[in-house]
Amino acid sequence: MNKGSITLWGFVGTVVLTSVLAGSQALGLTRMNIPFMLGTMVTSDRDRAKVIGFGMHVINGWLFATIYAAAFRSWRRANWLLGALIGLVHALFVLTVAMSLLPGLHPRMASERQGPTPTRQLEPPGFLALNYGKRTPISVVLAHLIYGGLLGAFYRPR
Amino acid sequence: MSVTQSSDAYPPIGDYALIGDGRSAALVSRAGSLDWLCWPRFDSPSIFAALLDTERCGRFQVRPTGTFRSERRYLPDTNVLETVFHTSSGTIALRDLMPVASEADKRAALTPEHEVLRELEGLAGRVEIEVVYTPRPDYGRRHPDLTSRGAFGLWCEVPGGALALHSDLPLRRTPDGHGASGAATIAAGERKHLSLVYSADAPGVIPLLGDAARDRVERSIRWWRGWARRGTYDGPYRDAVVRSGLTLKLMTYAPSGAVVAAPTTSLPEEIGGVRNWDYRYCWLRDASLTLRALFDLGYAEEAEAYLSWILHATRLTWPELQVLYDVFGEAHLPESELSHLSGYANSRPVRLGNDAHGQLQLDVYGEVIDAVACFVARGGHVDRDTARMLSGLGETVCRRWREPDEGIWEGRAGRFHHTHSKVLCWVALDRLITLHDTGRIRIDSDRFRSERDAIRTAIETRGYNPRLDSYTRLLDGDDLDASLLTLPLYGYHEGTHPRMRATCQRVHECLARDGLVYRYQTDDGLPPGEGAFGICSFWAVECRAKGGDVAGATEAFERLLACANDLGLFGEEIEPETGAALGNFPQAFTHVGLINAALTLAKCGAER
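Residue numbers (the working numbering), protein chains in the order written: chain F, 1 to 158; chain S, 1 to 608.
Next comes chain F alone, as it looks inside the complex (with noise of 0.2 Å):
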């Protein structure tokens, strides 16, 4: 794999993909703050929550590209078709698996099944996170095939 390529577009494609769910929250179409719900894992410091998140979002992307890369590398090609359909498997992933998975992973977050705690105060997804937002799948589904067309279109395996 091309390290270099994962490192350069796998962080492009993460800020990118911030950036779109950022706009999505600008205009209305979800409340979903990515940084902030990964950052308020390690510190209840709102402010410092989004910068650190972002960090986290940033290592996450850098994850992911690897994952990403694998799979042309299986492919022996890459283009921003296949990108945008692993991104496509990605979102649906994180909607219904990562989403439902997180009040179990994120420590302060409540549970559908337990109401909040003076520890655990945080807003649960719900399903497809149709809790932030009724167009939060939308924003999710759109920020991820842009993040994997951005792989698959510029990603050089060696």
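For the record, the hints were derived by calculation from the structure and aren't laboratory data. The model shown is predicted, which means the values in this text are computed figures rather than measured ones. Don't be surprised by glycine CBs; every beta carbon is placed ideally from N, CA and C. Warning: the hint list may mix true and false statements.
Claimed, not checked - Per the computed footprint, the stretches of chain S lying under chain F, defined by three or more beta-carbons under 8 Å from a beta-carbon of chain F, are:
#: 1; segment: 147-158
#: 2; segment: 200-212
#: 3; segment: 583-591
Stated by the list, open to error - Here are the computed distance ranges between Cβ atoms for each label pair:
#: 4; chain 1: S; residue 1: Gly392; chain 2: F; residue 2: Ile67; range: 33 to 41 Å
#: 5; chain 1: F; residue 1: Leu8; chain 2: S; residue 2: Thr232; range: 55 to 63 Å
#: 6; chain 1: F; residue 1: Phe93; chain 2: S; residue 2: Ser102; range: 35 to 43 Å
#: 7; chain 1: F; residue 1: Pro107; chain 2: S; residue 2: Gly150; range: 15 to 23 Å
#: 8; chain 1: F; residue 1: Pro107; chain 2: S; residue 2: Asp168; range: 57 to 65 Å
#: 9; chain 1: F; residue 1: Pro118; chain 2: S; residue 2: Ser308; range: 32 to 40 Å
#: 10; chain 1: S; residue 1: His332; chain 2: F; residue 2: Val97; range: 42 to 50 Å
#: 11; chain 1: S; residue 1: Leu561; chain 2: F; residue 2: Leu105; range: 52 to 60 Å
Could you slot chain S onto chain F? The hints should help.
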């Protein structure tokens, strides 16, 4: 007072109390109805606006069912409102607040972005209460569907975020799904909470109830009392001055330091009239007097934040100054009307934005520059950028002071040569020359001195009418204006100057009624009908005290204090016959006037 109230009646404006958190504010009526709330900031679209249309705009009411009598107060030295309802079966207290906390507390635990917390406590017997919750975001244009998320409360989407109501009282969605209601009986010693939160970011924070909610109430009380203790004023009328300081703090947008004129829009200056304006912005004309009030009360941090906002906000339009800006310095605030709303007690139109932003008011240069001079006089430092900025403003004054303007009252009849505006231009150049002479800034001092002297000559020859024995509203004019009472406040004249004493006397004769002062008696381009102006009445107190009549000023001040509502709050105007509040409520500038008048009385009293 008050014995139940139907949901479609408009309470008197003075029946409202203000709660807030330094980012947004809400008005709560004597009957426990939260009738005005804009989130996430003062000038955001409303969540509840029954204040402007009881039928369309929604409210959040908690009150006893049936007949009750209510009395209320702010818990001492706080902005936590307590309304006590007396019924035939018992007594219950309702405490309303937007929880506040120190930065350290906020870092230590997750807190909602915005919260209104309502605490019910049974004091005697058993009281059946009812809750009505009808959010109608965007000035009643939206009817959101409420979703019950069990232990997480009732949620709905609103523009820019989500709203959640969490309570340990049983609440049910209304049949149409656009609201909720509930009833419960509270016994003596029992406590229940309702927490309404707004989250722009997801995941949002779901606030805890029970003991945790009580902790938030107590933490907020401690925070407000700590803030009040920072004040250094300990003279006469301390309670009124502290209440005014606390009210001013509620109208300060903490992230930028801006002070909004009022937290409301379109509360009428005459019931049923058209003088209904959006005051949820920051007027530069308030700058200098507000800064002095904050400094003299001991709130240097707030004063410096406010000045910093002024200097930052005005960079967008420098070297010209606009009349008003929003809390982040946005200068474009076009006025529009909400034709679907009936307005407070049928006072139409309801306006958003404010076209005064496009007016020319030359007095704002004097206000801003005097604010900086006030800051420097208290040990502040002027950096190079600010010095350059001040010099540019001075150049604008030199270039434009001969022009007519709309004047301090934002008349819509056109531009005139207002004496008050010329005086404030004189103040601008005079302060700049002082700053230059003390080495703080560099200006073309000879030219500035020459222009300053030319302004003074114009004022003294054309702005003073010997026949009236008074300064006049306009150059070469023959009518009066209460803004002339500010001349000694800016140091244009000593209060004891014969011309100033005479002007003060003429204003009292022509514009005052029972100690309440009207702005003017001339056509301002709008249908007539407004009350006496709160700030003008307090200026009159200061002017009189500075002129040597401290006893008369004290008497007038005490008469004015009696016009506050039961919580010590003032609106923009006062109806002379009844003493009722008119206009946007509460009004920051009126409370600034109260503070400065009390400080002046204390100083003049001490000097006697």
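For each hint, the structure was consulted:
1. 147-158: holds (count 6)
2. 200-212: holds (count 10)
3. 583-591: It is violated: at least three residues are needed, and the segment 583-591 of chain S offers just 0 whose Cβ sits closer than 8 Å to chain F.
4. S:Gly392 - F:Ile67: 33 to 41 Å: violated, 57 Å
5. F:Leu8 - S:Thr232: 55 to 63 Å: holds, 58 Å
6. F:Phe93 - S:Ser102: 35 to 43 Å: Taking Cβ atoms as reference, Phe93 (chain F) and Ser102 (chain S) lie about 41 Å apart, which means the hint holds.
7. F:Pro107 - S:Gly150: 15 to 23 Å: holds, 22 Å
8. F:Pro107 - S:Asp168: 57 to 65 Å: violated, 25 Å
9. F:Pro118 - S:Ser308: 32 to 40 Å: Cβ of Pro118 (chain F) to Cβ of Ser308 (chain S): about 37 Å, so the range 32 to 40 Å holds.
10. S:His332 - F:Val97: 42 to 50 Å: holds, 46 Å
11. S:Leu561 - F:Leu105: 52 to 60 Å: 59 Å Cβ-Cβ, so the 52 to 60 Å window holds.
Violated hints, listed in ascending order, are 3, 4, 8; each of the other numbered hints is respected by the structure.
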